Amino acid sequence: MPRNWPMLAKTVAMINVMLLNFSFYAASAIFTPSIPKIEEVFGASTAEGTLGLSLFVIAYGIGPLILSPLSNLPSIGRTPVYILGSLTFCLFNIGTALAKDLHTILILRFFGGLVGSAPISVGGATLMEIYEPNQIPYAIALYAVSGICGPILGPILGTLVVERWKTWTATLWLLSGVTALTTVFVFFSLPETLNANILLRRAQRLRRRTGNPAYRSQAELDTPVANLAVRIIRQTIDDFKLSCMDPVILFVNLHTMLIYGVLYLWFEFFPFVFDGIYHFNAIQQGLAFFGILVGAVVSVIAYMLWLYFSYQPRAAKPGAIVEPEARLVPGQVGAICIPICLFIFAWTSRESVHWIVPIIGTAFFAPGFYLTFQSILNYLGESYPRYVAIWKASTFLEQIRQLVILGKRLDGCCDGSTVRCMRFPFYCKRRERVRGGYVSELRSLVV
935 MPRNWPMLAK
945 TVAMINVMLL
955 NFSFYAASAI
965 FTPSIPKIEE
975 VFGASTAEGT
985 LGLSLFVIAY
995 GIGPLILSPL
1005 SNLPSIGRTP
1015 VYILGSLTFC
1025 LFNIGTALAK
1035 DLHTILILRF
1045 FGGLVGSAPI
1055 SVGGATLMEI
1065 YEPNQIPYAI
1075 ALYAVSGICG
1085 PILGPILGTL
1095 VVERWKTWTA
1105 TLWLLSGVTA
1115 LTTVFVFFSL
1125 PETLNANILL
1135 RRAQRLRRRT
1145 GNPAYRSQAE
1155 LDTPVANLAV
1165 RIIRQTIDDF
1175 KLSCMDPVIL
1185 FVNLHTMLIY
1195 GVLYLWFEFF
1205 PFVFDGIYHF
1215 NAIQQGLAFF
1225 GILVGAVVSV
1235 IAYMLWLYFS
1245 YQPRAAKPGA
1255 IVEPEARLVP
1265 GQVGAICIPI
1275 CLFIFAWTSR
1285 ESVHWIVPII
1295 GTAFFAPGFY
1305 LTFQSILNYL
1315 GESYPRYVAI
1325 WKASTFLEQI
1335 RQLVILGKRL
1345 DGCCDGSTVR
1355 CMRFPFYCKR
1365 RERVRGGYVS
1375 ELRSLVV
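In the working numbering, the protein residues as written are 935 to 1381.
Don't read these hints as lab results, they were simulated from the structure.
The structure displayed is predicted, hence computed values, not measured ones.
Be aware that one or more of the hints could be misleading.
[Said to hold, decoys possible] Think about it this way: if two alpha-carbon atoms lie no more than 27 Å apart in a straight line, the pair counts; the simulated DSSO-like pairs of lysine-lysine are:
#	residue 1	residue 2
1	Lys1100	Lys1034
2	Lys971	Lys1034
3	Lys1100	Lys971
[Claimed, not checked] The calculated label-pair distances, taken between Cβ atoms and stated as ranges, are:
#	residue 1	residue 2	range
4	Thr980	Val1118	32 to 40 Å
5	Thr945	Glu1097	33 to 41 Å
6	Pro1067	Glu1285	18 to 26 Å
7	Asn938	Phe1243	37 to 45 Å
8	Glu1097	Val1263	40 to 48 Å
9	Lys1100	Ala1249	50 to 58 Å
10	Trp939	Ala1236	26 to 34 Å
11	Leu1184	Lys1251	33 to 41 Å
12	Ile1171	Phe1119	31 to 39 Å
13	Ala1249	Ala981	27 to 35 Å
Note that CB positions come from ideal geometry on N, CA and C, so glycine has one too.
Modelling step: build the complete structure from the supplied sequences, incorporating the hints.
If you want it as structure tokens, here you go:
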């Protein structure tokens, strides 16, 4: 079983998942510096050029609804979803780079986001399958770093290659090369982690060797043989039910939507502020994202210290029962940081204020994003331990965030919304789990 692997094997598996996660999240943002070139080459409007980013993000909101149920099927498992998703994602990136018209670019970007969303669908579940319970928080914390660094480093890398080669395809060729190398690495070094799939293949091998049909895995005994499409549809329906019928999951979706909306809003605000007000060149605008990156590094260190010195000693006490709500303490800090970030950035982005001040303001976004996400993921992972991958699929609502990108003056709306959402970690912490009764029904439905 994966939890019995040596630490080296677990580390290699985690590196694989983080590489996949980073390359895919970077793919959404690395396209941004190419948008002005696309508008110039194809005579497109700003809205049409931005569609290449918008459709990609919408697609990777839909992708988990398909890929997550697939990865939960004992007959398929996690690794095939990773490999096939990454391979087809690479091919769609190559096709996009070779496209001769805007319509082809938009179509291929959409399908690239659809098939490439495997790491955000399955990554958290994979780590929970290979690490012991006391190790999972550290693994998830490091895994989340790849998710936040992707959108931050994407524009920086994209700007550098576009400025170097002066063509909109440069970012896509870079992305294709990184994805191809990652796919090869995953193919040779990431074994299967889904216990049900491992036991199923073991039973199949025993039947072939012995000719005895009595060898059956628990998945074969529990799950009747059904049409694959029917099983996928059934689990997709479960995703929608979990998202809409459980109040905590519903609010988490909406909160995550808002936080990611702010993250992608920076791609619109940074050129507006640092080009229009401070007259930065393209490379300097990309480097302005380092404020968020520095905040992310500080957030990771602070979260690890909290785990090691506060949460883990409390959980390790003999007879201690630590409720999942204890995971929400960092989220309370993060919920406060996001509105602070937005208010500083909005009020200091003017010629009379030095450019470093709004960049310092953006640094507060990283702890808000990272600590909130970590708290939510670990809280729900303990509250719904069997349904982590399903929960990740149910967060399709967060992908509505891309709609926010199309507006330049929505900062006031985001400020007010983030202040309202500040109450969520405090509300759950004070009232324990405010969960609906749908999970008990879900247990009888999950394949």
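Each hint tested on the structure:
About 17 Å separates the Cα atoms of lysine 1100 and lysine 1034, which keeps this hinted pair within 27 Å; it holds. The suggested pairing of lysine 971 with lysine 1034 holds, with an alpha-carbon distance near 14 Å, which does not exceed 27 Å. Between lysine 1100 and lysine 971, the direct Cα distance comes to roughly 8 Å. Compliance with the 27 Å bound is thereby established for this hinted pair. For the pair threonine 980 and valine 1118, the beta carbons lie near 37 Å from each other, so the given range of 32 to 40 Å is met.
At roughly 36 Å, the beta-carbon separation of threonine 945 and glutamate 1097 lies within the given 33 to 41 Å, and the hint holds. Between proline 1067 and glutamate 1285 the C-beta distance comes to about 53 Å, which lies outside the given range of 18 to 26 Å. Our hint of 37 to 45 Å for asparagine 938 and phenylalanine 1243 is violated, since their Cβ atoms are close to 29 Å apart. Take glutamate 1097 and valine 1263: their Cβ atoms lie about 43 Å apart, and the range 40 to 48 Å holds.
For lysine 1100 and alanine 1249, the Cβ-Cβ distance of about 55 Å falls inside the hinted range of 50 to 58 Å, so the restraint holds. Roughly 30 Å separates the CB atoms of tryptophan 939 and alanine 1236, a value that falls within the hinted 26 to 34 Å. Leucine 1184 and lysine 1251 have their C-beta atoms about 34 Å apart, which keeps the hinted 33 to 41 Å range intact. Between isoleucine 1171 and phenylalanine 1119 the CB atoms are about 35 Å apart, so this pair conforms to the stated range of 31 to 39 Å.
Taking the beta carbon of each, alanine 1249 and alanine 981 are about 50 Å apart, not inside 27 to 35 Å as hinted.
Violated hints for the displayed structure, listed by number in ascending order: 6, 7 and 13.
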